[in-house]
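Undergrad: The primary structure of each chain is shown beneath.
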Amino acid sequence: MGSAILSVRNVTKRFGGLVAVNRMSMDVRSNEMLGLIGPNGAGKTTLFNCITGVYKPDEGRVFFEGREITGLPPHVVVKRGIARTWQKVRPFKKMTVLDAVTVGALLKIPSVESAKERAREVLEFVGFPKEKFARLGSEITLIEHKLVDLARALATGPKLLLLDEVAAGLRPHEMDTLAKVLLRIRDELGVTMVIVEHVMRFVMNLSERIIVMHEGVKIAEGTPKEVASDPRVIEAYLGTKPV
Amino acid sequence: MVKPVALLGGKSALYSIIAIAIALALIPLVLGYNMYYVYLAAQVVLVTIMVLAWNIIGGYAGQLDLASSGYMALGGAVSGLLLAFYNVTPWLGMPLGALTAAGLAFLMGYPTFRFGVKEVWYALSTAALVVILQRVFWLIYGSTEIYMPIHRWSWYHLRFSRYEPLYYMLVVILLVTLWLNIRIKNSKLGYYLTAIGEDELAAEALGIDTRRYKLYALLIYASILGFVGGIYVNLTSIVSFRMFDPWLGIVVAVMGIIGGLGSIAGVFMAAVILRTLEEYLRSMFGATIPGIHLLIYGLLLIVVGVLKPEGFAGFLKYFRRRLARGGSGG
Ligand SMILES: Nc1ncnc2c1ncn2[C@@H]1O[C@H](COP(=O)(O)OP(=O)(O)OP(=O)(O)O)[C@@H](O)[C@H]1O
Ligand SMILES: [Mg+2]
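Chains as they are written, first to last, in my numbering: chain A, 1 to 243; chain B, 1001 to 1330.
Bound-form chain A, shown alone (with noise of 0.2 Å):
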């Protein structure tokens, strides 16, 4: 307990003139679920993209369990136990809910039919409703989208969640049975998790260490209270927005 799982070592991402991660490091711990905030445009999900292989870093370094994974492409990556939901959705449209959701289990299970069996069992896991399994990814609507998406991620059987905005646009009442299911995720299946998420409310409950990004730069790390009263941090997000 407490080792870390994944390492960013001072990680930075260019796009042309603009620096959207720089130097960016943190740890992972193993089992926890790490929340990582930041203002819009802070480089929360560009960060996302340089730990799972979308992009390779410009420079800096990213270790999980120990191994460099650095510049590995995302299907090496997720082998290696990394799985990560979108922000903005990737619906597989003209698949069933359950087939996308094979698509995932099929990386460990080798059989269709005992993936789609495991396919079935993660569906029902984070709490999406049985009587759509067959419904076709052009059929959900977008939150019903973002617990496929979860279930797809999570049918890989990671051991590493990197969750990019989740409860965007549920209701409190959704997003409180949401934040069950992750419980559930990291006790019952041990999976650690990166939770990004601009709902503090819901951040703030679920994670004991908050780490918070602005314009590419770590600017702040602790407990949701050590973070919450930080002044940089507050400045950040008054400089952009009002909380």
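For the record, the hints were derived by calculation from the structure and aren't laboratory data. All clues given are correct.
Here are the simulated distance ranges between beta carbons:
1. B/D1245 - A/T141: 42 to 48 Å
2. B/L1294 - A/E131: 43 to 49 Å
3. A/G66 - B/L1180: 41 to 47 Å
The list that follows gives simulated cross-link-like pairs (lysine-lysine, DSS-like), each with its CA atoms no further than 25 Å apart:
4. A/K108 - A/K159
5. A/K159 - A/K88
6. B/K1118 - A/K56
7. A/K132 - B/K1188
8. B/K1188 - A/K130
9. A/K93 - A/K116
10. A/K116 - A/K79
11. A/K108 - B/K1188
12. B/K1118 - A/K88
13. B/K1188 - A/K116
14. B/K1118 - A/K93
15. A/K93 - B/K1188
Think of the CB as a built atom: it goes at the ideal place given N, C-alpha and C, for glycine as much as any other residue.
We have chain A already, so just place chain B with the ligands on it with the hints.
TA: Coordinates of chain B with the ligands only, in the frame set by chain A:
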């Protein structure tokens, strides 16, 4: 072990294959009085095979490949030239044709997928491949037409005085291709290809080596076409640069799209209907309005694009739903 029926994707798929087999087997008995009709039927079956093969790369994996005619012509040239010049049986020539087409597909696909050539750019590069093949063939053999040897009835040469034997061979290949489509659709390969066709990045992030799987799809597609090319040249009796027909490659893709991406029944229906229609229009208006079938393709594509994005498959589904509703509604 999985039961054979399960491999075919359930009982209904098996039944539909059997139904198609019987229907196709009967056609020459009905049309046999006129050799030209059997020849046409063989052409329809051939194009259906092309569309079904295309479905693997274009329908499942979502790559707009326009080179089907190129791979088929290459396989046909290999088999046909071996037969014409060295008296090599097509039974050997066809697998060699498949191998050659697969080899070319690898040379084509490896760098293309490696460097992430996608969508329009992929379509353009595959269309260019057919043109390049045609030029190369032309540089070697010029515009001469190389004729297949004449035999009244030789299974060694696959040369016959009637079209039925080749027709039935094509039917067998069609059924195998159909079976392969269904088999792939229900396998891990099919799930992965479909995911790639939907969203490559999301697929990649779920652990799919998209480059590798796209290459698998391309190799299967090219092999089928390279194989069937050997029958094609024996059907037309000619090997020439004209076989490398860029337009045919486009037509096959259009049929696949109209048929409904990734749907087997839709693809099959589109190929049969459109190809039959094309022959009909050509024979009726070909002299007065040349190219009318092209116009029809264009119009159909627009109509399908506007009304039913899923093509014939969407239409079938809609129809089935209405039937089901009508049946249970009483
Ligand atoms: N592919 C890209 N090309 C160019 N600029 C990009 C790209 N992706 C992100 N950026 C820029 O990088 C900066 C960081 O963006 P990023 O999406 O990582 O922020 P974020 O913290 O996830 O913000 P949000 O909370 O709005 O999702 C932004 O200024 C954004 O415009
Ligand atoms: Mg973001």
